[in-house]
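Q: This is what each chain is made of:
There are 4 protein chains.
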Amino acid sequence: MHDIAKGSVLKRLNRIEGQVRGLSKMIADDRYCIDVVTQIAAVQAALRKVEEEVLRDHVAHCVEHAIASGDADEQRRKVAELMDVFGRSGR
Amino acid sequence: MHDIAKGSVLKRLNRIEGQVRGLSKMIADDRYCIDVVTQIAAVQAALRKVEEEVLRDHVAHCVEHAIASGDADEQRRKVAELMDVFGRSGR
Amino acid sequence: MHDIAKGSVLKRLNRIEGQVRGLSKMIADDRYCIDVVTQIAAVQAALRKVEEEVLRDHVAHCVEHAIASGDADEQRRKVAELMDVFGRSGR
Amino acid sequence: MHDIAKGSVLKRLNRIEGQVRGLSKMIADDRYCIDVVTQIAAVQAALRKVEEEVLRDHVAHCVEHAIASGDADEQRRKVAELMDVFGRSGR
Chain L
0 MHDIAKGSVL KRLNRIEGQV RGLSKMIADD RYCIDVVTQI AAVQAALRKV
50 EEEVLRDHVA HCVEHAIASG DADEQRRKVA ELMDVFGRSG R
Chain S
0 MHDIAKGSVL KRLNRIEGQV RGLSKMIADD RYCIDVVTQI AAVQAALRKV
50 EEEVLRDHVA HCVEHAIASG DADEQRRKVA ELMDVFGRSG R
Chain X
0 MHDIAKGSVL KRLNRIEGQV RGLSKMIADD RYCIDVVTQI AAVQAALRKV
50 EEEVLRDHVA HCVEHAIASG DADEQRRKVA ELMDVFGRSG R
Chain H
0 MHDIAKGSVL KRLNRIEGQV RGLSKMIADD RYCIDVVTQI AAVQAALRKV
50 EEEVLRDHVA HCVEHAIASG DADEQRRKVA ELMDVFGRSG R
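Residue numbers (numbering that gives the first Met the number 0), protein chains in the order written: chain L, 0 to 90; chain S, 0 to 90; chain X, 0 to 90; chain H, 0 to 90.
Just so you know, these hints were derived from the structure itself, not from any lab. Keep in mind that a hint or two might mislead.
For identical chains, the list gives no copy identity; a pair is met inside one copy or between any two copies.
Said to hold, decoys possible - Here are the simulated lysine-lysine pairs, DSS-like style, with alpha carbons at most 30 angstroms apart: (1) 48 / 5; (2) 48 / 24; (3) 5 / 24; (4) 10 / 24.
This one's a predicted model, so the numbers in the text were calculated from it and none came from an experiment.
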């Protein structure tokens, strides 16, 4: 991964880890469940951002590398992989 | 929250915290991004389970409490809250 | 269903039927697939609006009716039904 | 689009058009709203199948064509387009 994207993703994941710890504290403290669910939605949104950043970096590097190489089979593999990832994510 | 549900949710959140830490390690170790995205999907699924468990407990308690109270206004508030939660979660 | 909501939902469904027919025409005319997918997303969004309107009307009537009746068992059934609907929609 | 995929997609869209008409009838007949919402979910699922089939055909043709052409710029455009499509679909 590019160093800039890596730093940004690690920072995001660090924040997410804190949010999950915060969720545990909310549960332990018997916080109102609607607030807990709202907080879970915030973590989900933060994870989607990470996923998007990781995929964008992947396309910018692995896929771009396959394109630059001119290796058609490698390009097919990369595109199949991408399709697979999108197929899996429960859209 | 019920003690049993509480224990179960806290255990799940603990595991999720570990998974997020694992994600940071995958990024730091330059693991293949498709594997990272697969792992992100696993965390999302785990969070959905927590959300479901929290909501189920909420209905079993807060909403049930409002029903048992016979207080129609309180019941309306609870149902409006639930609708709100579902409207927000980007379905 | 309330007459006003009913009219609004029927109008929406009519428009959606036209959009689906439009999709068939796009396919038959060999329109660019990315445009087709964009149009599919528009239909999905329109269906979500219908779903929301139908549920809102349901809560305003059936659930409200159960609340006004003071019949706790009926209220439990209605809430269980709502939870079920939300559990099913692949959030 | 390939003739086989085209026939299959048109058949699916035809069935979806019928389902949407069925939804209008359910609304007009004051059918129970939970049944309406269940039917809406079925249409959404059917549309996702169409989307998947259209995208699969797109990758098998347009993207494959770009790969076979060896034209790197065209390949970049196709991958950017795919990323765009997936970014838009409210995952």
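Q: Next, verify each hint and record whether it holds.
A: Hint check:
1. 48 / 5: both (13 angstroms within a copy, 29 angstroms between copies)
2. 48 / 24: both (24 angstroms within a copy, 18 angstroms between copies)
3. 5 / 24: both (29 angstroms within a copy, 11 angstroms between copies)
4. 10 / 24: Classified as both; 21 angstroms inside a copy, 12 angstroms across copies.
Consistency with the previously given hints is maintained throughout, with no hint failing.
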